[in-house]
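Residue numbers (the numbering used here), protein chains in the order written: chain A, 1109 to 1254; chain B, 1109 to 1254; chain C, 1109 to 1254; chain D, 1109 to 1254.
Don't read these hints as lab results, they were simulated from the structure.
A hint or two may mislead.
Below, simulated DSS-like cross-link-like pairs (lysine-lysine); rule was C-alpha separation at most 25 Å, straight line [what the hints assert, rightly or not]:
1. K1173(B) to K1231(B)
2. K1231(A) to K1131(B)
3. K1131(D) to K1231(A)
4. K1231(D) to K1131(C)
5. K1173(B) to K1131(A)
6. K1173(C) to K1131(D)
7. K1131(D) to K1131(A)
8. K1131(C) to K1131(A)
9. K1173(A) to K1231(A)
10. K1131(B) to K1173(A)
11. K1131(D) to K1131(B)
12. K1131(B) to K1131(A)
13. K1173(D) to K1231(D)
14. K1173(C) to K1173(D)
15. K1231(B) to K1131(C)
16. K1173(C) to K1231(C)
17. K1131(D) to K1231(C)
18. K1173(D) to K1131(C)
19. K1231(C) to K1131(B)
20. K1173(A) to K1173(B)
All figures in this text were calculated on a predicted structure; none of them were measured in a lab.
4 protein chains.
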Amino acid sequence: MPREEFACCHRLRVRWAEVDMQKIVFNGHYLTYIDTAIADYWRAIGLPYPEGYVERYASDVFLRKATVEYLGSAHYEDELEVLCRASRLGRSSMTFLFEIWRGAADLLITAELVYVNAHPQAKTAVPLPEEFRQRVLAFERTAPAQ
Amino acid sequence: MPREEFACCHRLRVRWAEVDMQKIVFNGHYLTYIDTAIADYWRAIGLPYPEGYVERYASDVFLRKATVEYLGSAHYEDELEVLCRASRLGRSSMTFLFEIWRGAADLLITAELVYVNAHPQAKTAVPLPEEFRQRVLAFERTAPAQ
Amino acid sequence: MPREEFACCHRLRVRWAEVDMQKIVFNGHYLTYIDTAIADYWRAIGLPYPEGYVERYASDVFLRKATVEYLGSAHYEDELEVLCRASRLGRSSMTFLFEIWRGAADLLITAELVYVNAHPQAKTAVPLPEEFRQRVLAFERTAPAQ
Amino acid sequence: MPREEFACCHRLRVRWAEVDMQKIVFNGHYLTYIDTAIADYWRAIGLPYPEGYVERYASDVFLRKATVEYLGSAHYEDELEVLCRASRLGRSSMTFLFEIWRGAADLLITAELVYVNAHPQAKTAVPLPEEFRQRVLAFERTAPAQ
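Next up, chain A with everything else stripped away, as it sits in the complex (with noise of 0.2 Å):
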């Protein structure tokens, strides 16, 4: 996907601790850069999670599937991009991607993260928040599937 559909991009650096004896970033480590990047994505659309969004809208977002392709490795103190973009917006969830890029030329991750807006408590599927809705379509380049 062409990087400029991404709104948003994540920078970070890789820590020594998050490094393996097979000298690259554990697998599961990925998981925590892509949740940092989302949260620059939910602090990009002005409803900073949780504050902004779970007491605003009394309704909290779960990750229902984690979709994660391994195309490259990311090595000790290597500077990453981590790109995020909302591709769809269904009635109680929703889908983003992700690439992870070092530098313009290694893309060495792809995922697909799909959320579900669900009651705090009851954990069952609640409407997405039209508001919610509204700041990412003002806040994507290119619109996401409804």
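Put chains B, C and D on the given structure of chain A with help from the hints.
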């Protein structure tokens, strides 16, 4: 998938540091749980990773794709079972299936991980070692697809 | 300190994701091991944290100081024992001692952690609950200093 | 210690996965923050670890002791500064001091870490490389004790 299909089971208790402010295990940590289950698998087939594999076969195993479905949430101190089996042995790739249970009733996670056997430095695909293949076939209760 | 002085012992196996490029457990993870040992301690005295403590006593426990000596290094798949005992019960603070062993011969870590009992929100020191104190005294083989 | 005494400052933002159910950063993660600060330090003196040190000097650096005082708690999304300086250069050991601040007013953590320079495999103490010593002395604003 029936529990009997899984020849390998890793037990663990959720640690405090793995639980986030939503009071559930952070999504990336399930890949750590899965990784410890697969370490048990290597040991169970008599090829403890890495010394029983990387040095023996002059090849190494790299994760190519992970798909994780989050059906429920684990909480602090939950005792979990991570079930693990090989479901497909390709020429140089192999697929493992995982289920994470809390007790007999709560299936929290299903996951599929695809690994590629590759040259440790060049990281080019290398056929699965025949001995490894035989050990997997001897260990599994129903034969993986080939 | 003689091993018999430790009434509580937590066993664990080192995970792949905890080992770094020096092929030893990353230094911060020993505090995670220690934290899981102290969770066992709470359970052993019949006050599982947090519900058996925070809700029961309307106070919470915060770490004030940690001193960790690294005498040896744990490696991937090592089976470790984390020994834990209360060595001092002050008015509102308490001190725990830890030793992490690999087998009977290799003492890898000694640590001392000082906790303060405090109001959960205000975080001002509050006397240790008398019932908690009695349970610790009943559990320990040699009495903590007071 | 006056802030000007610290020649090295690492900035970071607290990640979701680092915060526990007490809504504060889990105590072990501060050692990860400190470790990333010291990586900055190596880079700042022109000896990026490990290739600029381990290969150059045929010795490696191992943590011997860590003392961490928890004065305050970091929260999700806090922007922190991890200050770092060498305070003592012994024959084969060295001591670093750290302070973790949130803004100019909240000192959350002070820490002292003692490292030993040692043979990478034998792990026996080896004198600090003279070039390393000179680089530290040139970098620090007030000379470390020797």
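Item to check | Pair hint K1173(C) and K1231(C), alpha-carbon separation not exceeding 25 Å | outcome: holds, 15 Å
Item to check | Hinted pair K1131(D) and K1231(C), Cα distance within 25 Å | outcome: Holds, because 13 Å separates the two Cα atoms, which is no more than 25 Å.
Item to check | Holds or violated: K1173(B) to K1231(B), with C-alpha atoms at most 25 Å apart | outcome: Holds, at about 15 Å.
Checklist entry - Holds or violated: are the alpha carbons of K1173(D) and K1231(D) at most 25 Å from each other? => result holds, 15 Å
Next on the checklist: Holds or violated: K1131(D) and K1131(A), Cα atoms, limit 25 Å.
Outcome noted: Answer violated: K1131(D) to K1131(A) is near 32 Å, above 25 Å.
Checklist entry - Holds or violated: K1231(A) with K1131(B), Cα cutoff 25 Å? => result The hint holds at about 13 Å.
Next on the checklist: Check whether the Cα positions of K1231(C) and K1131(B) lie no farther apart than 25 Å.
Outcome noted: OK: K1231(C) and K1131(B) at ~21 Å, within 25 Å.
Checklist entry - Given the proposed pairing of K1131(D) with K1131(B), does the C-alpha separation stay at or below 25 Å? => result Within the cut-off at roughly 10 Å; holds.
Item to check | Proposed proximity, K1131(D) with K1173(C) (alpha carbon, max 25 Å) | outcome: Status holds; Cα separation ~19 Å.
Checklist entry - Straight-line Cα separation of K1173(A) and K1173(B) no greater than 25 Å? => result holds, 13 Å
Checklist entry - Keeping to a limit of 25 Å between CA atoms, is the pair of K1131(B) and K1173(A) held or broken? => result holds, 19 Å
Next on the checklist: Check whether the Cα positions of K1131(B) and K1131(A) lie no farther apart than 25 Å.
Outcome noted: With a Cα-Cα distance of about 32 Å, the restraint between K1131(B) and K1131(A) is violated, given a limit of 25 Å.
Consistency with the previously given hints fails for numbers 7 and 12, ordered from lowest to highest.
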